[in-house]
Amino acid sequence: MMSYHDNSFEDRRFMVRCCRVSGSPTRDCYKTSFVNDWDGEMDFHVPVGQAIKGAYSVHDNEKEDRRWRFYLCNFV
Numbered sequence: 016m017m018s019y020h021d022n023s024f025e026d027r028r029f030m031v032r033c034c035r036v037s038g039s040p041t042r043d044c045y046k047t048s049f050v051n052d053w054d055g056e057m058d059f060h061v062p063v064g065q066a067i068k069g070a071y072s073v074h075d076n077e078k079e080d081r082r083w084r085f086y087l088c089n090f091v
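Under this note's numbering, think of the first position of the sequence shown as 16, with each following residue one higher.
Simulated from the structure, these hints should not be mistaken for lab results.
Treat each hint with caution, since some may be false.
Stated by the list, open to error - Okay, the calculated beta carbon distance ranges per label pair:
#1 Pro40 <-> Asp75: 33 to 41 Å
#2 Asp26 <-> Asn89: 31 to 39 Å
#3 Arg84 <-> Cys34: 18 to 26 Å
#4 Asp58 <-> Glu25: 32 to 40 Å
Think of the CB as a built atom: it goes at the ideal place given N, C-alpha and C, for glycine as much as any other residue.
Between the sequences and the hints, there should be enough to build the whole structure, so can you do that?
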């Protein structure tokens, strides 16, 4: 997942790659720390053997941007 903040639109643009995994249960899930700074780029790569199960963001009205954390799980 990659993103960048566009000041002219005061918003963040994303590029996400998805794939389907069937029959692979997950375990040992955890939350990452924030993976980007305000008005900065985000270049987050999911570690091998893991998948994103969820995402969480915090928005700052003054900065008009978001910081992101992810909920990752290991494949069994």
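Verification of the hints:
| no. | hint | in the structure |
| --- | --- | --- |
| 1 | Pro40 <-> Asp75: 33 to 41 Å | 37 Å, holds |
| 2 | Asp26 <-> Asn89: 31 to 39 Å | 33 Å, holds |
| 3 | Arg84 <-> Cys34: 18 to 26 Å | 21 Å, holds |
| 4 | Asp58 <-> Glu25: 32 to 40 Å | 21 Å, violated |
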